[in-house]
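A.B. asks: The task is simple: from the sequences and hints, build the whole structure.
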Amino acid sequence: MAAAGAVLLAVTGWAALAPIRFDSREELFEIPKGTWARRMSGDPVEILPSEIRLVLGLRDVLLLRNLDDVPQTFGPALMMPGQSFRLPFEVASSYQFACTAHASGQMTVVVEPKPETPWARLRWRATRLWKAQRWR
Amino acid sequence: MRRALVLVLLVLSAAAGAARAADAPALKAGVFSPPRSAPDFSLRGSDGAELKLSRYRGKVVALAFGFTSCPDVCPVTLGTLRETRKKLVAEGKDLQVVYVTVDPERDDAERMRTYLANFDATFVGGTGTAEQLDAVRAAYGILAEKVTTPAGYSVAHSSSIYLIDREGRLRALMPYGHPADDFVHDVKLLLGK
Chain A
1 MAAAGAVLLA VTGWAALAPI RFDSREELFE IPKGTWARRM SGDPVEILPS EIRLVLGLRD
61 VLLLRNLDDV PQTFGPALMM PGQSFRLPFE VASSYQFACT AHASGQMTVV VEPKPETPWA
121 RLRWRATRLW KAQRWR
Chain B
1001 MRRALVLVLL VLSAAAGAAR AADAPALKAG VFSPPRSAPD FSLRGSDGAE LKLSRYRGKV
1061 VALAFGFTSC PDVCPVTLGT LRETRKKLVA EGKDLQVVYV TVDPERDDAE RMRTYLANFD
1121 ATFVGGTGTA EQLDAVRAAY GILAEKVTTP AGYSVAHSSS IYLIDREGRL RALMPYGHPA
1181 DDFVHDVKLL LGK
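So the protein sequences, as listed, match chains A and B.
Counting from 1, one number per residue, gives the positions in the first sequence under this note's numbering.
Counting from 1001, one number per residue, gives the positions in the second sequence under this note's numbering.
Calculated directly from the structure, the hints in this document are not laboratory data.
It is possible that part of the hints are untrue.
For each label pair, taking beta carbons as the anchor points, the in silico distance ranges come out as [unchecked claim]:
#	chain 1	residue 1	chain 2	residue 2	range
1	B	P1071	A	P81	50 to 60 Å
2	A	P81	B	D1047	46 to 56 Å
3	B	R1169	A	A120	16 to 26 Å
4	B	S1154	A	T108	18 to 28 Å
5	B	V1089	A	K114	27 to 37 Å
6	A	A37	B	P1071	37 to 47 Å
7	A	A10	B	R1169	30 to 40 Å
8	A	W14	B	A1138	49 to 59 Å
9	B	G1192	A	P49	49 to 59 Å
10	A	A10	B	V1147	50 to 60 Å
11	A	S41	B	E1145	25 to 35 Å
12	B	V1089	A	V61	29 to 39 Å
13	B	V1076	A	T108	18 to 28 Å
Every beta carbon over 10 Å from chain B, so not counted as near; a handful from chain A, in silico [stated by the list, open to error]:
#	residue
14	I20
15	E27
16	F29
17	D43
18	A77
19	M79
20	M80
21	P88
22	A98
23	T108
24	R121
25	A132
26	Q133
Coverage of chain B stretches by chain A, computed from C-beta distances (three or more under 8 Å per stretch; other residues unrestricted) [unchecked claim]:
#	region
27	1028-1035
28	1140-1153
We put the beta carbon where it would ideally sit given N, CA and C, even for glycine.
C.D. replies: Laid out in structure tokens, this is it:
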């Protein structure tokens, strides 16, 4: 029991104090080759989530890439085959984009402020863990 | 010896090129890579002439879509672009704002000219038949949907602004809400200044 408590304390301490790092500032989404053909055959392919969460200063660039053989509207941009669209964000806010890839016709990009305090880091990591579990 | 010298020069040249690419300041707008040619169109211009993008080769073009009865988004966008031109001072002459209507029922060339003159007399509007405008929107991935309101109708439309470089290439897309300073930054980069 005491050991479990010590582990929990250590994990909480790490989550609160360890700086948050990403290997890249880019959050990449790709439209794979053949997506259009799959959609045409009735497969409702979902590539871009209706809400994307970024973190200012850490992962604050949305990178969209069209690897399909036809033009695709992906988020706010119409991209030709082989083209990419790199959109940086400099202000923490919620951004709405018209997007034909979604049934709602809307895509939201939420850019969160960089978690600077131990409490903010702890909350950020806990939220991320909870979301990862939820979507598993 | 001579071959070695050539090899060294090649390596140095490649390294310098890589460094230049790494140091290249990024645009504030979203960037297309590789850029494609901006689809040209032929519309009725608010200045009375045929409106074609190729008219503005040599300038940076800010291409926006909207309508003159727009209550909120368009006035902000056009106000920001007016401020951008002012802040660019002498370089402002190298920025052309082109505003294509999504409401051809109400926006004729005269109405667009009067409306745009409230912001900047150099701004040029484009109108045409519904089919012509549908084709332009499709080429740029612009959405526009008529919405019934108690006063009649409004048009919900994409609010991002395309930036087209001097060579007529579609380089970037600035999402709605960016301040004039971001446009100034990007226009200067696209002008190569």
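A.B. asks: Now look at each hint and say whether the structure bears it out.
C.D. replies: Comparing the hints with the structure gives:
| no. | hint | in the structure |
| --- | --- | --- |
| 1 | P1071/B x P81/A: 50 to 60 Å | 38 Å, violated |
| 2 | P81/A x D1047/B: 46 to 56 Å | 36 Å, violated |
| 3 | R1169/B x A120/A: 16 to 26 Å | 42 Å, violated |
| 4 | S1154/B x T108/A: 18 to 28 Å | 22 Å, holds |
| 5 | V1089/B x K114/A: 27 to 37 Å | 35 Å, holds |
| 6 | A37/A x P1071/B: 37 to 47 Å | 42 Å, holds |
| 7 | A10/A x R1169/B: 30 to 40 Å | 54 Å, violated |
| 8 | W14/A x A1138/B: 49 to 59 Å | 52 Å, holds |
| 9 | G1192/B x P49/A: 49 to 59 Å | 38 Å, violated |
| 10 | A10/A x V1147/B: 50 to 60 Å | 55 Å, holds |
| 11 | S41/A x E1145/B: 25 to 35 Å | 27 Å, holds |
| 12 | V1089/B x V61/A: 29 to 39 Å | 31 Å, holds |
| 13 | V1076/B x T108/A: 18 to 28 Å | 20 Å, holds |
| 14 | I20 | 22 Å, holds |
| 15 | E27 | 13 Å, holds |
| 16 | F29 | 13 Å, holds |
| 17 | D43 | 23 Å, holds |
| 18 | A77 | 6 Å, violated |
| 19 | M79 | 7 Å, violated |
| 20 | M80 | 5 Å, violated |
| 21 | P88 | 7 Å, violated |
| 22 | A98 | 5 Å, violated |
| 23 | T108 | 12 Å, holds |
| 24 | R121 | 27 Å, holds |
| 25 | A132 | 27 Å, holds |
| 26 | Q133 | 32 Å, holds |
| 27 | 1028-1035 | holds (count 7) |
| 28 | 1140-1153 | holds (count 3) |
Violated hints, in rising order: 1, 2, 3, 7, 9, 18, 19, 20, 21, 22; the structure is consistent with all others.
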